[in-house]
Every structure is written in C-alpha cells, then in structure tokens.
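Protein chains in written order, with my numbering: chain A, 16 to 185; chain B, 1228 to 1516.
Hints listed in this document are in silico derivations from the structure and should not be mistaken for laboratory results.
Some clues are possibly wrong.
As a list, the in silico BS3-like pairs of lysine-lysine whose alpha-carbon atoms are at most 25 Å apart [to be verified]: (1) K1318/B to K133/A; (2) K72/A to K1318/B; (3) K1490/B to K1464/B.
Remember, predicted model here, so these are calculated numbers, not experimental data.
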Amino acid sequence: MKNREITLHINGEEYRLNVAVNRTLLDVLRDELGMTETKYGCGTGECGACTVLVEGKEVNSCLTLAATMDGKRITTVAGRADFGRLDHIQQAFVDEAAIQCGYCTPGMVMKTASLLAKNPDPSEAEIRHALEGNICRCTGYEKIVKAVKKAAATMPGRAAAVEPCKEVVQ
Amino acid sequence: MSSRILPDFDLLLPQSVAEAVELLSTHRDRITVMAGGTDVMVAMKFAQSPAQLMSLENVPGLAYVLFDPEKGLRIGAKATVADLLAQAEVKRHYRALWHAAQTFATGQVRNTATVLGNLLRASPAGDCSCAIYAIGGVVVLQGSSGRREVDIDDFWLSYGVTARRPDELAVELILPPPAAGSRSAFKRMTRVSEDLAKLNVAVRLEMSGNTCIDARLAMGCVAPTPLRLTRTETLLKGRELTAEVLQRVAASVQWEISPIDDKRSTAEYRKQVSGVLLKRAIQEACGAA
C-alpha cells in the first residue's frame, strides 16, 4: 500500500487521516495537522527535539512511521497545557528559565513527563541519565536539571508530602 | 546529511507470523523488515530505498521477554530494549545484557528499538549484540519450510550480513539458563552517551572459587562483526584469576583484533585500551558475583 487510513488520538482529540506510508509521525503532526509545537532537529533520533509520548512512552517521532500508528494515543507538549494554562512541568521550565532559544524545550518537557510518571522523585543522576536523549545547545543543562527537580517537587497532589529540593529553594 | 524525506515504498502490514513469512518468500530480497525501525528509518533517510517495507506492527505475540530458570530467556522479535530492562530476572541472571541495555542509545530509542533488531543490523558496534555474543544463545528463524535455530556464534557472516535467509523471519532469541558460578559483565567506551560505542566488551565466566572453568569473551568495534576473543579465552580457562593471568589476558587482546580508524576513534587507540577494558570487565564480573 502507498496510503493508509489511520486514526490517531492526539492530545485527547481523534483525527481520521489518510497518510502516505512514507510520512513520519513528525511530518504528519507538523505538516498535515499544523501542530508545529513538536520540533524537527536531527531527523535521526539523536537530539530528542521531536519527542512525543505514544501510549505514554517517549519516542522520537522523526523515526516513527505514521502509517503504523493506527489507533495510538499520542501526546505532544501542547497536550500538557489545559486551555492555555501551563502544567507544573512547563511552569517549572519557565520559572527556572530553563529555556534560551526554546527549540529543545518541547522534547525536554515530554521526556520529563515520562520520567516523572515512572519516577516521581528522581535523583540528579537519574535526571541526567533520563535527559541523555535530549540535546540542548544553549543552556549547559544546569537550569534544565533544576527545572526537572522543581517539576518533581511541584507535581500536583504531592507538593505537601515531598520536601522541596534544596537546589530549588536556593 | 540527513533528510526528512523518506523514499517511496510499498508498506506491507502482515497480521501474523505466517503471513509475514509468506510475504518474505514471495518478495524475498525486495523486502526490508522493520520492527522498531530506529535503524531502518535512518538507513532509508540516508541511502536505502527498499521496494517494500514490511512492518511487524500488526503481528501479534512477538513482544515477549520470558524467563524460565530451566530453559533460559526467550526474547521475541518485537521485544524492545526497554522491555528487557523491565524484567528483574534479566538484571539478576544476565547482567552483561542488562547493563548493555541500560547504556544502549537513549530512552526514546530504547522504547522503540528491538533486541533482535540489534542482532539483525549486524553492526560491529551493537551493545546488546556484544553482550549476547558473550552470553551465548540461538536465534530462531521461521521460514516457509519450517523453523531452524542458528547459534549466535554462526549468526554474523560479515558487516551487515547475517545467516538469516531472505525468506526467513527472525522470530526469537533464546539465551541459555543461568548456571551456578556463571557471571557476566559489559563495558563500553563512548564519546557521549547517546553515541555508538567506540569500543565495547562483554564477558561470561564460569567460575569455581577464583578459578575460571570456562569463558566467553566478546568485543565490538574491532572487526567487521562483533568478535569472539577465542585465543584469549584459552588463557583464562582452567586458570586461577591472579593479577599475572589477567595481565597476560589483557596483553593478548591486541593480537586478536583488527580495528580501523573511523570517526569515533583510531585503530591505535582501540588497540591500546582494548586489553584494559577487557580486564576491567572480567574484574567487574567476578566482583558482581
């Protein structure tokens, strides 16, 4: 087949699409649906700018064939905001100024979402290991690591139970 | 340079192993098989232009990692590197493989890339390939005339070429059950963590006290395929692992490997550090008993 009818569930909305089989998930999100919040970086699965969640797991959308995603639940960084209100991870990146040019940020936020879902209280080493697939060429990662710590500390429903990170308080 | 544009191809989406094998026997060399796709997609963006791409996405029942203390570990063709890491028995009984999986590429790639895909890529740098070579095992291939098992020792024929015939589908990998006194370790050197290894090594030792009864040593990035260091293995077998024996083992490695200069390292550097890395892997395996 050269084209395939697929249904994608993106950020809670259902999309019925007819996609060319040689289109990546990233192509479809950006070029066909206009969801340009997910970025094209290297195209080879090294930089993580195109990271989205598929069924809750982070993947490189530049290496994912859209035609094989029929029926899948996909979350992009825009799916984390609720009617324009940033969630705790996005807010932590703003508060810690973990952004310079901002190009890597959507991927960083999605990777952080996946990390905190599995490990709500990661150590700095665990955060750095988790972020190995997301490259930032501006910030030197210090502020990004702080943002992930802050996101962990401010996760809804656990703020009272968790001692805030010392680094964040300072 | 990479391109965001994939070539034109026909997508085949078989619904079963039987249908996949039938398609392979009909189209043979014209088909490229894709499971996770982290290698195939990159290859297609650079150069490869298959007439037909067969995705295993809709083939059910191949995403398993099953441990049986008597029979060993069975890894299905669609099991990802992340699926391996989710199994406590892999960490306990197959340490070299667990460690290779843990350092493999990035979280995003581990969620998508399959363990069998790493073997089938037949790259000398594959981390899981290196660990599996040291542990030993068989690849199960399903063809139109039935199943056959290929020992991992006979699986890689040359760079990028395996013993899989064009009409066969690799359906699973079986690793041997853990034996008492058996231990393994994996080490790699790399530039940055998401990059491929510049050198990797894995060892499996059968120990009785401090004496090595049997050894399998595998090294990557030093030959056209992952390499077993069979001559160096003989220096370990039946010996007590004294500092002197380990020194002889480390010194032997450079005579068995044939590394090249490439963008990740030089042949000279690889020769210099290969023995040291092997010695450290042996020490780690013994220490992690």
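For each hint, the structure was consulted:
With a CA separation close to 18 Å, the supplied pair K1318/B and K133/A stays within the 25 Å bound. Restraint check for K72/A and K1318/B: the C-alpha separation of about 21 Å stays at or below 25 Å, so the hint holds. This hinted pair does not check out: K1490/B and K1464/B have alpha carbons roughly 36 Å apart, beyond 25 Å.
Figure legend: structure checked against the earlier numbered hints; the only hint not met is number 3.
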